[in-house]
Amino acid sequence: MRRRVLLLLPFLIFLVLGFFLYRGLALDPSARESALLAEKFPSFTLSTLEDPDARIDESLLRGQVSLVNVWASWCPTCKEEMPQLLELSERGVQMVGIDYKDTREHGRQFLEEFGKPFEVNIFDPDGDLGFELGVYGVPETFLVDANGIIRYKHIGYITPDDVEEVMQEVEKWR
Amino acid sequence: MLTLTVPELGLFALLVALGLSLLQATVPLVGAATRRPLWMAFAEPMAWGQFAFLLLAYASLTASFLLDDFSVAYVAKNSNSMLPWYYKFTAVWGSHEGSILLWSLILSGWGFAVSLFSRNLPRDMLARVLGVLGVVSAGFLLFIVATSNPFKRLLPSIPADGADLNPLLQDVGLIIHPPMLYMGYVGFSVVFAFAIAALIEGRLDAAWTRWVRPWTNIAWAFLTVGIALGSWWAYYELGWGGWWFWDPVENSSLLPWLTGTALIHSLAVTEKRGTFKSWTVLLAIITFSLSLLGAFLVRSGVLTSVHSFANDPSRGLFILALLGITVGVSLLIFALRAPRMSASVGFGWLSRDALLLINNILLVTMTVTVLLGTLYPLILDALGLGKISIGAPYFNSLFVPLTVLLCAFMGLGPVARWKQMPGRELFRRLLGAGVAALAIAVTVPFLYGGEWNAAVALGLVIALWVVLALGRDLFGKVHNASSPLAGLRKLSLSYWGMVIGHLGLAVTIVGVTMVSNYAIERNVRLALEERIDLGGYVFTLTELGERRGPNFLADTATIEVTRDGNAVTTLRPEKRLYIARGQPMTDVALYPGLLQDIYVAMGEELNDGSWAMRIQVKPFIRWLWLGALLMASGGVLAVADRRYRRRRSAVTESATFSNEVKA
Amino acid sequence: MALMTRAGVMLVLLLVVTRAMAVSAIDIRDFKDPVLAERYSDITASLRCPKCDAQAIDSSNSPVAEDMRERVAFLLREGRSDQEILNYMVDRFGEFVLYNPRLDGRTWLLWALPAVLVVVGGLVLAAFVRARKNARVRALSEEERMRLDSLLNRHPKETE
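Protein chains in written order, with the working numbering: chain A, 529 to 702; chain B, 268 to 930; chain C, 359 to 518.
Just so you know, the hints here were simulated from the structure itself, not pulled from any lab data.
Wrong hints could be hidden among the right ones.
Said to hold, decoys possible - Result set (DSS-like, lysine-lysine): computed pairs, CA atoms no more than 27 Å apart in a straight line:
1) K700(A) with K654(B)
2) K681(A) with K654(B)
3) K390(C) with K568(A)
4) K568(A) with K654(B)
5) K390(C) with K681(A)
6) K390(C) with K654(B)
7) K607(A) with K390(C)
8) K568(A) with K409(C)
Stated by the list, open to error - To give a feel for the contact side, a few chain B residues facing chain A, derived at Cβ under 10 Å:
9) L560
10) F563
11) G568
12) A602
13) P644
14) A649
15) G653
16) K654
17) V671
18) L672
19) A675
20) L679
21) V682
Stated by the list, open to error - Rough simulated footprint, nothing fancy, chain C against chain A, three-plus residues with beta-carbon under 8 Å:
22) 561-575
23) 683-696
As the structure is a computational prediction, the values presented were derived from the model and not from experiment.
Where is the CB? At the ideal position from N, CA and C, for every residue including glycine.
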């Protein structure tokens, strides 16, 4: 009897393995998690896209929940995302942009053309702030709560179907 | 126009093959169970027919490629009118649909071969083996028809030209690598079929092992060559100079190789001593299961790899179901039908039985390590425990000690006797080999590298230990005979196979050790007429140019290599842009040699008109693949042994003629 | 094996590489100190590019890999230790970027299971050897057993 149990062992191991392989089919292997969830938004001192002489820092994000969107004029999906960002902004979410590895001229042009959902645009020409945020592809969107803590991250562009999910997250942390 | 209907002809042939495989999967098995000779006799014609029709289907797809029929979606995606004809030929297996068709073709080819070479098999055994092969084949053909039809048409909007074959695959190494690899993967299906047939029949005797051993060796040899070709290809094609990356896809080819190696050894024990029967059968099942797992991992998209196929979830689910049914059912059959433990004969610590058991323990541990490292990120992710990566540092940290252990015992194996051997005798025989291995291994780092290097010494000592112990054994056998020539002649081919196979592993280990520790690599900025000193060579960029290939544009560089003022070679690396896909590729320039390779890859043009180049000197890198070729030829040589060619009358005798190894 | 650097390739079942790695990047970086250059290549080989499918940052030409290499070089010149640099990257990009995962509550099994297998294998082997000894001892007469015992006792000494 004990021997039969032993002989059944390979089958049982295979069942467990098969279960994980099945679960694996539903997972997206290219999805990444953010290292910064529940961490403070990194500190920075940068100018704004509009004003080269302005100096802003992370205190900008204190006091209310904001969505920080990392974008660039050279990023094609950022254009696709603009209508959704405009919608979020209209629904009363404070939107902050980070213009990532871009030139002022191109950045401004992009906003003229595709819309201005952002209350402020942090100008990050060298991508330093982006690096601190662990940005590896544009666009990426961070939800920062009133205390300046990162609560949620959306990698890739926010599709029309994603808007509700993002809104729910915003409500959750308000 | 006949050519217009080629894809339909192919699809028709595919469907006929599917029908035949379904018959092959059922009738002979039922026939064997109910003892109906006519039903059993069904197996062979079905296997031939399946092979013939798959050959026809495959030829049709090839014809579509050669005819530039871009109305076929698969051709449009993987070929281009500018693609040279020989790559059109190999582009057939350049992506998922065609490669799975090749897989099925090879599977049916193995079935055909079984029917050809197993004339002396008992009829019911043959019917069962072919029946099981039919089941596997039917599964894959259903998969092709349901999810991956390579003959699908793009109608009515036929593209003017194709998207071209991935430039990475436009290469000689790729002409032979996938077929070799598939021959290996799929070849284990024969071993698997024999295992299942034996379980159903309850017949697991010495004759069974003698039927299985040649098939195992051949499949294993193909897999060995396939893996080595892949490594060689990666080395020269990717412009990086690496030869093994522990990528999930590479790992999934290593898994059946490791268990296949274990199987070869456990078959030896089962044949000679009649023990470990259940274990051997289990290994046969596991080896083929791991081949299937590899197909699943590569084609389902559950793991990220630089070279998984474009993925489709429905395919993943289908292969998983296929994997689940095939492996699940066979492991259940195993649990219910595995033979009773043979009377526990037992053996001494220093017997060959014990050493082969140790071999199996270590190889299985290696397999589990690779499997764990490959699947662990997936498992953690599925459990919601976060995302991690497992790469070379992890695998190396476990593989180095396990390989050292494996080789330590591997030296003893051939010398030890079955059942029991006095430690004193073993010690006396191998003392010289051990001391010599140690002495040489400790000296080489000083002579070759100029300073002490523990990693080199360790790698060399295990390789030399294996070689010298083999040499000592060979010497002993020849020495005891009346004359050396008579001694050599007395040795069986399977003994020579073992010697060459083990030697191959040692050669590979020397290659790994040397290239890992003494490779020189530098990324440099080279302007015209500029010189770089590296590893005793002087590299001078003498010319920059451009050229047009059949389907690409290339920037070219000419680099003169000299040593002490004497010309060594002229290297011409290229940076290509493949037109149809707009994909850049680097074409490496190599100066290969038995003792070292010189390797130059062209990078980007830099602002000042100079070029980024990667220059490398890779000592002993050829030994990696040379060793693999030796291992494979060892496997093939052993198959040529006389005892596998005995007629059926001999087959039923018990396994007592085993001691030809002991001269 | 230690030099094997990045995640990459041998095409086992043929690949279609969609995004990454058409050409591996050739990264030119001059360190005055050869030790630093060595550490640089080790660190960049053990960090996984977050954007790519399965590639270390040393060979990827995706922009984030370039930034990460830049930062590794910068931190090395600043005199940070290897561990500090790895932690720095993990703080920003997550555990995912480590090709050599840290030993913790979720990863210990990676090392434990192979070790357990070797031990279990050793026990199985011992059981087989014991089985033989028992079988033999049972079959011997008293006198033979004594002789055998003395023989067995002699052996370990001789092989030592």
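For each hint, the structure was consulted:
Proposed proximity of K700(A) and K654(B) is supported: the alpha carbons are some 25 Å apart, at most 27 Å. Annotation: proposed proximity of K681(A) to K654(B) holds, straight-line Cα distance about 15 Å (limit 27 Å). Using a Cα cut-off of 27 Å, the hinted pair K390(C) and K568(A) is violated, with the two alpha carbons roughly 37 Å apart. Between K568(A) and K654(B) the CA atoms are separated by roughly 21 Å; this keeps the pair inside 27 Å, and the hint holds.
Proposed proximity of K390(C) and K681(A) is contradicted: the alpha carbons are some 40 Å apart, above 27 Å. Between K390(C) and K654(B) the alpha-carbon distance is near 37 Å, which puts this suggested pair outside the 27 Å criterion. For the proposed pair K607(A) and K390(C), the alpha carbon gap of about 44 Å is over 27 Å, so the pair is violated. With a C-alpha separation of about 23 Å, the suggested pairing of K568(A) with K409(C) holds against the 27 Å cut-off.
Taking 10 Å as the C-beta contact cut-off toward chain A, the hint placing L560(B) at the interface holds, the least distance being around 8 Å. The interface hint given for F563(B) holds, since its Cβ lies 7 Å from the closest Cβ of chain A, which is under the 10 Å cut-off. About 7 Å separates the beta-carbon of G568(B) from the nearest beta-carbon of chain A, less than 10 Å, and the hint is met. For A602(B), the interface hint holds, the least distance from its beta-carbon to any beta-carbon of chain A being 4 Å, beneath 10 Å.
A least Cβ separation of about 8 Å between P644(B) and chain A falls short of the 10 Å threshold, and the interface hint therefore holds. For A649(B), the shortest C-beta to C-beta distance to chain A is roughly 4 Å, which falls under 10 Å, so the interface hint holds. Interface restraint check for G653(B): the shortest CB-CB distance to chain A comes to about 6 Å, inside 10 Å, so the restraint holds. The interface hint given for K654(B) holds, since its Cβ lies 5 Å from the closest Cβ of chain A, which is under the 10 Å cut-off.
At a threshold of 10 Å, the smallest CB-CB gap from V671(B) to chain A is about 28 Å, leaving the interface hint violated. About 24 Å separates the beta-carbon of L672(B) from the nearest beta-carbon of chain A, more than 10 Å, and the hint is not met. Because the smallest distance between the Cβ of A675(B) and any Cβ of chain A comes to about 29 Å, over 10 Å, the interface hint for this residue is violated. Checking L679(B) against chain A: minimum C-beta separation of about 29 Å lies over 10 Å; hint violated.
The beta carbon of V682(B) comes no nearer than 33 Å to any beta carbon in chain A, farther than 10 Å, and the hint placing it at the interface is violated. Evaluation of the coverage hint for the region 561-575 of chain A: fulfilled, as 4 residues show C-beta separations to chain C shorter than 8 Å, against a requirement of three. With 0 residues carrying a beta carbon less than 8 Å from a beta carbon of chain C, the region 683-696 of chain A misses the three-residue requirement, and the given coverage is violated.
Hint compliance for this structure: hints 3, 5, 6, 7, 17, 18, 19, 20, 21, 23 are broken, all remaining hints hold.
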